[in-house]
Amino acid sequence: MKSTLLKTARELRAVWMLLIVSLILFIATPLFLTGPNLLNVLLATSVTALLAAGQTFVIIIGEIDLSVGAVLGISGAVTAITLQTQPLLVGLAVGLGVGALAGLINGLLVTFLRMPSFIATLGSTSVLAGLTLFITQGNPISVANEGFLAIGQSRPLDVPMPVWIVLAVVIIFGLLLARTRFGRYVYATGDNAEASRLSGIKVYRVKILAFVISGVLASIAGFILTARLGTAQPTAGTGLELAAIAAVIIGGTSLAGGRGALIGTFIGAILLGVIDNGLNLLNVSPFLQGVVKGFVILFAVFLDRNSDLIRGLWKMLSSLRPKRPSSQEPELASRH
Amino acid sequence: MNITLNDIHKSFGDTAVLTGVTLEVKGGEVLALVGENGAGKSTLTRVISGAYRPDSGQILIDDVPVSLKRPQDAMARGIRVIYQEFLQNIFPHLSVSENMFTLDEHASFGRLFVSKKRMAKKATELMARIGLHADPHALAETLSIGELQMLEIAKSMAHDTKLLILDEPTAALDEQESERLFAQVEAMRASGIAIIYISHRLEEVFALSDRIIVLRNGTVALEGATSTLTEREVVTAMVGKELGDFYPKESHGTEKVVLALAGLASGTHFQDVTLTVKAGEVLGIGGVMGCGKGSLLRSLFGLLPVTAGTVSVNGDIVSLGSPQTAMNAGIAYITPDRQAEGLLLQQSVAHNISLASLDEMSPTGVIKLRQERTKTRSIMDALNVKAASPEVAVGTLSGGNQQKVLFGRWVMTSPRILLMEEPTRGVDIGAKTEIYRIINEQAARGVAIILVSSDLPELVAMSDRVAVMRQGRVVAELTGDDKTQNRVLEYALESAA
Chain A
1 MKSTLLKTAR
11 ELRAVWMLLI
21 VSLILFIATP
31 LFLTGPNLLN
41 VLLATSVTAL
51 LAAGQTFVII
61 IGEIDLSVGA
71 VLGISGAVTA
81 ITLQTQPLLV
91 GLAVGLGVGA
101 LAGLINGLLV
111 TFLRMPSFIA
121 TLGSTSVLAG
131 LTLFITQGNP
141 ISVANEGFLA
151 IGQSRPLDVP
161 MPVWIVLAVV
171 IIFGLLLART
181 RFGRYVYATG
191 DNAEASRLSG
201 IKVYRVKILA
211 FVISGVLASI
221 AGFILTARLG
231 TAQPTAGTGL
241 ELAAIAAVII
251 GGTSLAGGRG
261 ALIGTFIGAI
271 LLGVIDNGLN
281 LLNVSPFLQG
291 VVKGFVILFA
301 VFLDRNSDLI
311 RGLWKMLSSL
321 RPKRPSSQEP
331 ELASRH
Chain B
1 MNITLNDIHK
11 SFGDTAVLTG
21 VTLEVKGGEV
31 LALVGENGAG
41 KSTLTRVISG
51 AYRPDSGQIL
61 IDDVPVSLKR
71 PQDAMARGIR
81 VIYQEFLQNI
91 FPHLSVSENM
101 FTLDEHASFG
111 RLFVSKKRMA
121 KKATELMARI
131 GLHADPHALA
141 ETLSIGELQM
151 LEIAKSMAHD
161 TKLLILDEPT
171 AALDEQESER
181 LFAQVEAMRA
191 SGIAIIYISH
201 RLEEVFALSD
211 RIIVLRNGTV
221 ALEGATSTLT
231 EREVVTAMVG
241 KELGDFYPKE
251 SHGTEKVVLA
261 LAGLASGTHF
271 QDVTLTVKAG
281 EVLGIGGVMG
291 CGKGSLLRSL
301 FGLLPVTAGT
311 VSVNGDIVSL
321 GSPQTAMNAG
331 IAYITPDRQA
341 EGLLLQQSVA
351 HNISLASLDE
361 MSPTGVIKLR
371 QERTKTRSIM
381 DALNVKAASP
391 EVAVGTLSGG
401 NQQKVLFGRW
411 VMTSPRILLM
421 EEPTRGVDIG
431 AKTEIYRIIN
441 EQAARGVAII
451 LVSSDLPELV
461 AMSDRVAVMR
471 QGRVVAELTG
481 DDKTQNRVLE
491 YALESAA
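Chains as they are written, first to last, in the working numbering: chain A, 1 to 336; chain B, 1 to 497.
Each statement offered as a hint is correct.
In silico DSBU-like pairs for lysine-lysine, Cα to Cα no more than 30 Å straight-line:
| # | chain 1 | residue 1 | chain 2 | residue 2 |
| --- | --- | --- | --- | --- |
| 1 | B | K386 | B | K249 |
| 2 | B | K117 | B | K162 |
| 3 | A | K202 | B | K375 |
| 4 | A | K202 | B | K368 |
| 5 | B | K26 | B | K69 |
| 6 | B | K278 | B | K249 |
Please keep in mind that the hints were generated in silico from the structure rather than gathered at the bench.
All of these numbers come straight from a predicted model, not from anything done at the bench.
Using the sequences and the hints given, assemble the complete structure.
Now the structure itself:
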């Protein structure tokens, strides 16, 4: 029992940070803890959360996917163009297909062509972003398909559709990671790829699938962003990969691979959203918001890398306290 | 220069590696140091070279006690070691002449800029002295392993070496390169350098050395002038007395052949291997490092391509292209390096054990957690894995328990054939006995077992039959009274009459 608590402590570290930040905001402004504002936070977080969910798989296998923002951009654009002539389902299928294909190519580059994922996905980011500009000719593409717009704008049970989608993804992919053979192989591959191979795991297939999942979830994020705006922006998604990676790391997934959980990533994404929201509510200059978020990311990584140091400091501090009365006692005794 | 070691003791934690070693080596003499793995040769070398400090005992140079606190101290006195892993000292992307000199020495080749020309000239000079003719401007990575080793020797010549320790110098050399090395050793002896020559190749030892010291369990088991000793005496001293009850060997061999290899070859790793293993039988494979025994297991697990010959399991010829196909044929492989290629150190004990058996526990892809828990529990109980709970990370367990977890992973797959390489390496005595019990249990279930081990007593005691490999070929199959450590060593070292 105790060991399972300790094990999840790492993944749930983000929960404590989220609670602390929320408490500060709750005290600072009455606007924060209201139903509509919280739903707003979740809605604003949805795109990052989806990108981060896919990124979690890639980081657990010990790789990184910098292309998620660009995949979001191209699948949004391709879907918007397809929807001009085709029905909804065709548009969605094409968009998902583009995301899956991009992930497949990333996966092949990293496995069979032995490229470091940082470089491979940096390259594919440039290719995909360029292709997006080319096929849109740099113009926003508007979408009129009502069914598609509902993905971003409808509110079943008064909760925005993107929030439902994120919840579904977190549950489905969280179970995929935690409860299935594939999920087990993801952790195994990230922990020790050679040992996994020698245990009969098709390591390349696991890695490629992780990149495909990342691509597919990025294209769903592309649907949400496009549907919310009503247009596909040619530069949509630029830079979002960094927010996604930050959410994964804040959520306790190890950059070295082999450890992590989707729930942590989800909470990490919400934490970033809450910080954004709080800074807006407190009227902090938007120019400073990046600074604050940067510090949060650094703090999360600091906690991750220095847990022994922190534990040591804590021990030292707590051992100082009881000493004081005991060191005074002999003094008092000698006075008498 | 004469160097004398007086009653040297050295322990690591609870493990005593050197328990009172006394020896002496004089200038102009080749002293051969032989012993089995773990006898203390490497530790002794590191004590002389200042890499380790002895717990007690004295080191005297020319009868004056010295204290060698760091490798630099030993180097300053002219003591040089060329380790078996000398490649770690080579900078592959620097030139031959840059590799020859230390950074301080680089500075001596010019005031502001290093004169590559002068450095190359000096390097060529030093190399010529030992008969190495390499381009001083070539990158070190373009040299052969033999040339690099000569480069290391040339490097030591640059520093007025008085005692040179060569640790398994011919392990990576071909015959021609070895011959050149021997000539060099002769020349250095003639010039008055003291040489300690460490090798498990007895023919070299007898050809080169003036004196032989056999180390066993951290002490000198035999010492004498080479001319007065026979190979048999040396081998017997290396092996020592047999441990009787330590190995709880049971025999479960049947007549049913499970694994049959016919003329099996894999490139240059091994050739023409024909062997059979019966149900319940333990076939040991002995031989020195690089004889092909490890490669044989790797090819049986689909990790090295088979270039000739066939493998049959239960009479059917199987093709083994990958670990998956090997596993489908009922083959399991316990790797020699449990940390690098065995365990997932961050994952739990339970997840490590079930890793190779997840297919049957998740017919739909979703793992049946209750089934997994029950099965891993019963494996942990059966193999006596000591862990606070099945959920703790494997990396937190002791070496012996980690090894039992690795056994557990493959026992759970109910293999027909169990290949194991160095199954008790780095494991304490108690866990060793438990691992031997696991081997017995698997044999009792009719599993055909191949045991590759460089621990000779273990190999001989735990095997029903021992095949000896040398230079990629099976040179002997020993059974009954012939199955002794001496016989294995004789065949492995090519000294059998």
